[in-house]
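Student: With the hints as constraints, model all of the structure from the sequences given.
Per our numbering, residue 1 is the first one in the sequence shown, and the count goes up by one each step.
Think of the hints as simulated: they come from the structure by calculation, not from any bench. Quick caveat, the model's predicted, so the values are computed rather than measured. All C-beta atoms in this analysis are idealised placements derived from N, C-alpha and C, irrespective of residue type, glycine included. Please note that the accuracy of each hint is not assured.
Said to hold, decoys possible - Subject to a maximum C-alpha distance of 27 Å in a straight line, what follows is the list of computed DSS-like cross-link-like pairs (lysine-lysine): (1) K494 / K466; (2) K301 / K325; (3) K305 / K352; (4) K88 / K319; (5) K236 / K274; (6) K319 / K338; (7) K236 / K15; (8) K319 / K339; (9) K371 / K325; (10) K308 / K319; (11) K466 / K477; (12) K319 / K352; (13) K421 / K236; (14) K440 / K359; (15) K421 / K494; (16) K274 / K243.
Unchecked claim - Label pairs and their calculated CB-CB ranges: (17) Y382 / Q279: 45 to 51 Å; (18) D8 / H284: 50 to 56 Å; (19) Q206 / P129: 55 to 61 Å; (20) D221 / L312: 55 to 61 Å; (21) N355 / G259: 16 to 22 Å; (22) D8 / M318: 47 to 53 Å; (23) D46 / Q465: 39 to 45 Å.
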Amino acid sequence: MTILHEIDQVVDVLKNMSDRGIKCNLLVGAGCSVTAGIPTASGIVDIIREKFPSIYNTVKDKTYANCMNALSPDERIDLIKGLVENSKLNITNIIISELLKRGFIHRILTPNFDNLLIKACSIVNEYPPIYDLAAYEEFQPEHIPEKCIFYLHGQFTGFKLMNTNKEVKKQADKLENLFRRLNERSVWIIVGYSGQNDALFKLLSQEPIYKNRLYWIGYNDQEPHEELRTQILKPKKYGFYIKGFDSDSFFWNLANKLGTFPPDFLLRPFTYIKTIIDQIVPYHLEQKADLNSVTNTIIQKAIDKYEKDPVLMGESYMKLGFYDKIIEMKEELLKKRKKVTVANAYFYKALKLHNEVEKNKSIEMYRQVIKLYEESNTLDPYHGCDNNIGNCFDDLADLENDKFNENLLESLSRYIIAIEKGGVQAYKNFKLSLEKYLEKHFKESELLEDVMEVDIEDDDPELIQKIYDWLNLLLSKNIKFNESKMEEYLYKYKSLLEEKQKQTA
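Tutor: Right, dumping it as structure tokens:
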């Protein structure tokens with residue numbers, strides 16, 4: 001068992017949590033706030049060097065904790081406050097809040113000082129209890145609610161901020177009791193967090209096994225640092241590492257795979273505003289109309305004009321890439337003669353899934369991709385789906401040995417259809433699939449040795465002519481194929497190549 005896992009494994013665990021009665025603890029570090037405008041620890045050190053050069057120069061070991069310790073308490077607070085007040089919500093904050101609302105995340109822990117998660121939660125109408133551990137002298141872990149946010153080192157608006165090594169060390173004892181409670185029947189997901197020289201990292205590393213798994217999300221393609229690799233990321237401990245993402249891309253992919261994106265305020269903004277107004281007790285202004293009803297009348301008109309217009313919403317969803325939402329509106333859009341819009345939604349959803357399936361090689365997923373392309377093809381035959389369907393069957397030939405010939409023949413058939421509809425890439429793809437068939441059935445035949453040696457580049461200016469010459473060379477061998485359709489496809493392919501040559505002559 002390897003420590004490297006994929007995001008799909010996280011998705012499976014989160015989808016099955018409720019059935020198993022387990023919770024999800026999400027630990028988010030400074031890396032989750034970078035695109036919101038708040039720098040990481042190293043970035044803050046750079047700011048200290050720029051704003052307080054004389055103080056910075058007195059620090060021997062210029063770590064974050066040491067540089068912050070060199071500042072006075074108020075200077076530290078003012079520095080953090082300035083950074084937070086100039087920040088904006090990023091997609092990470094929005095998606096985390098929606099995952100919390102939908103029950104895929106339960107407890108959020110963060111050493112960050114910013115209030116971005118609180119802001120994001122309020123936007124999606126989720127109001128979890130907030131615990132500032134820096135301000136609590138006594139904390140009772142047994143009373144932890146199902147959903148909550150823990151500020152491990154304090155909030156920028158709080159009375160205490162834990163910045164220095166001494167302050168963080170003092171916090172460690174309090175953190176241990178909390179950790180023991182949270183660790184019970186819980187999966188851990190850790191994002192944007194280095195963990196170095198931190199009390200929570202030490203507590204995590206001391207666990208002999210993560211009974212419900214721990215997923216550490218690395219930054220892009222960075223390898224785990226030594227402490228992480230040797231103390232946490234061990235298959236026998238069920239500690240796993242996922243790389244290839246930054247914070248935003250990880251949560252974006254996770255939310256899409258879980259079906260939690262987009263949140264209502266992005267999907268139906270006017271309806272979202274109405275839900276907020278509906279939470280306010282009506283108030284009459286000096287015998288005038290109720291303030292809420294007047295506002296709701298305006299909002300309802302906007303809902304009727306925009307959100308109930310399938311054409312307008314379909315165009316908006318397409319721009320945002322919300323293909324499933326367009327497919328849900330299929331019948332309404334077809335009544336408005338928007339076949340191409342629906343066809344595009346099926347096509348781009350298929351294309352997105354196609355890119356994923358080329359990595360994990362799932363037979364079932366290939367079938368789903370083909371079905372989506374077919375839906376698009378039915379609505380818009382000239383959308384270019386046939387070439388992609390041919391590629392899917394070509395890949396399936398490699399995955400299903402017992403259906404090799406069946407899948408290869410289907411791929412050739414699709415490439416022919418694509419060529420007939422004007423597809424250019426299908427000329428080369430037909431040749432590649434045919435070569436795969438020949439390699440499988442005539443590998444030992446000296447008769448085809450010269451045929452198999454021909455290699456034609458995609459950008460060759462004489463591509464069609466060279467493929468045509470190659471095909472004639474193959475046909476001159478008078479090979480007998482077991483599949484009756486094969487010869488039919490070859491001569492049809494030859495005819496299409498000849499037509500193409502005439503067009504370009």
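Student: None of the hints should be skipped; say for each whether it holds.
Tutor: Hints, one by one, checked against the model:
1. K494 / K466: 12 Å, holds
2. K301 / K325: Distance ~22 Å between K301 and K325 Cα, so the pair holds.
3. K305 / K352: 31 Å, violated
4. K88 / K319: 23 Å, holds
5. K236 / K274: 51 Å, violated
6. K319 / K338: Holds: K319 and K338 sit about 15 Å apart, inside 27 Å.
7. K236 / K15: Given that 27 Å is the threshold and the Cα spacing comes to 23 Å, the pair holds.
8. K319 / K339: Within the cut-off at roughly 17 Å; holds.
9. K371 / K325: 18 Å, holds
10. K308 / K319: 18 Å, holds
11. K466 / K477: 17 Å, holds
12. K319 / K352: 15 Å, holds
13. K421 / K236: 54 Å, violated
14. K440 / K359: 23 Å, holds
15. K421 / K494: Holds, because 16 Å separates the two Cα atoms, which is no more than 27 Å.
16. K274 / K243: 40 Å, violated
17. Y382 / Q279: 45 to 51 Å: Cβ of Y382 to Cβ of Q279: about 50 Å, so the range 45 to 51 Å holds.
18. D8 / H284: 50 to 56 Å: 55 Å, holds
19. Q206 / P129: 55 to 61 Å: Roughly 27 Å apart at Cβ, these two residues miss the hinted range, so it is violated.
20. D221 / L312: 55 to 61 Å: 41 Å, violated
21. N355 / G259: 16 to 22 Å: 18 Å, holds
22. D8 / M318: 47 to 53 Å: 26 Å, violated
23. D46 / Q465: 39 to 45 Å: 59 Å, violated
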